[in-house]
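> Chains as they are written, first to last, in this note's numbering: chain A, 5 to 117; chain B, 720 to 835.
In case anyone wonders, no lab produced these hints; they're calculated from the structure. You may find that some hints are simply not true.
[Unchecked claim] Here are the computed lysine-lysine pairs in the PhoX-like style, where the Cα-Cα straight-line distance is at most 25 Å: (1) B:K797 <-> A:K104; (2) A:K56 <-> A:K104; (3) B:K743 <-> A:K104.
[As the list claims (entries may be wrong)] Just a few of them, taken from the derived set where beta-carbon distance is under 7 Å, the chain A residues facing chain B: (4) S13; (5) A17; (6) Y50; (7) G54; (8) F107.
Glycine included, C-beta positions come from ideal geometry on N, C-alpha and C.
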Amino acid sequence: DAKTTQPTSMDCAEGRAANLPCNHSTISGNEYVYWYRQIHSQGPQYIIHGLKNNETNEMASLIITEDRKSSTLILPHATLRDTAVYYCIVRVGSSSNTGKLIFGQGTTLQVKP
Amino acid sequence: DAGVIQSPRHEVTEMGQEVTLRCKPISGHDYLFWYRQTMMRGLELLIYFNNNVPIDDSGMPEDRFSAKMPNASFSTLKIQPSEPRDSAVYFCASSFYRARSYNEQFFGPGTRLTVL
Numbered sequence: 005d006a007k008t009t010q011p012t013s014m015d016c017a018e019g020r021a022a023n024l025p026c027n028h029s030t031i032s033g034n035e036y037v038y039w040y041r042q043i044h045s046q047g048p049q050y051i052i053h054g055l056k057n058n059e060t061n062e063m064a065s066l067i068i069t070e071d072r073k074s075s076t077l078i079l080p081h082a083t084l085r086d087t088a089v090y091y092c093i094v095r096v097g098s099s100s101n102t103g104k105l106i107f108g109q110g111t112t113l114q115v116k117p
Numbered sequence: 720d721a722g723v724i725q726s727p728r729h730e731v732t733e734m735g736q737e738v739t740l741r742c743k744p745i746s747g748h749d750y751l752f753w754y755r756q757t758m759m760r761g762l763e764l765l766i767y768f769n770n771n772v773p774i775d776d777s778g779m780p781e782d783r784f785s786a787k788m789p790n791a792s793f794s795t796l797k798i799q800p801s802e803p804r805d806s807a808v809y810f811c812a813s814s815f816y817r818a819r820s821y822n823e824q825f826f827g828p829g830t831r832l833t834v835l
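Here chain A stands alone, though its shape is the one from the complex:
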């Protein structure tokens, strides 16, 4: 699976959009981008995933560049409860390896009042 690079930490003002970047320049054509987050002392939580098209759900939006070498997770109106570590994961959508997620160090997002 492709390696990802994320900033170690970011700050965001409450109520503003939080834009979390992820670089995955070695991504292959059949690899998906997943985002999870981990709030302090809890287990990780799935946010969103995508292949090449932009995706949106009730939690966030995922913007993937046309060359798929990078992506941005957008939390449109960050709240204090969004303070967490955000993980960008790239993995193959293969039935032979359906389960395996490799978590990196992630980005610590601090939402400030």
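Starting from the structure of chain A, add chain B where the hints point.
This is chain B only, laid out in the frame that chain A set:
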């Protein structure tokens, strides 16, 4: 559904003792995962099961660690004998295979293990 259930939530034991961590996945899920999280190494996948069968145990650190899934609603992770370096938070997660691209894993609250 109550979500993934793990027990105990906290475990303190002495070096050399056997430790058993337990997990009940979400009903209907066919994948179960065991992870370990430490400050130094982050979140590591130890082993995962599909339909109660171990698929990939390459993350299990050594023979002191073993995992079983006797049925679809229960799994254990055992450490025997335990060592101080095993101190970590152990997470269990489960998922339901819907499509090869879809990998939403549901994590439990974790077990914080301290080995003295």
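> Hint by hint, note whether the structure agrees.
Results of checking the hints against the structure:
{"no.": "1", "hint": "B:K797 <-> A:K104", "result": "holds (21 Å)"}
{"no.": "2", "hint": "A:K56 <-> A:K104", "result": "holds (21 Å)"}
{"no.": "3", "hint": "B:K743 <-> A:K104", "result": "holds (19 Å)"}
{"no.": "4", "hint": "S13", "result": "violated (15 Å)"}
{"no.": "5", "hint": "A17", "result": "violated (28 Å)"}
{"no.": "6", "hint": "Y50", "result": "holds (4 Å)"}
{"no.": "7", "hint": "G54", "result": "violated (9 Å)"}
{"no.": "8", "hint": "F107", "result": "holds (4 Å)"}
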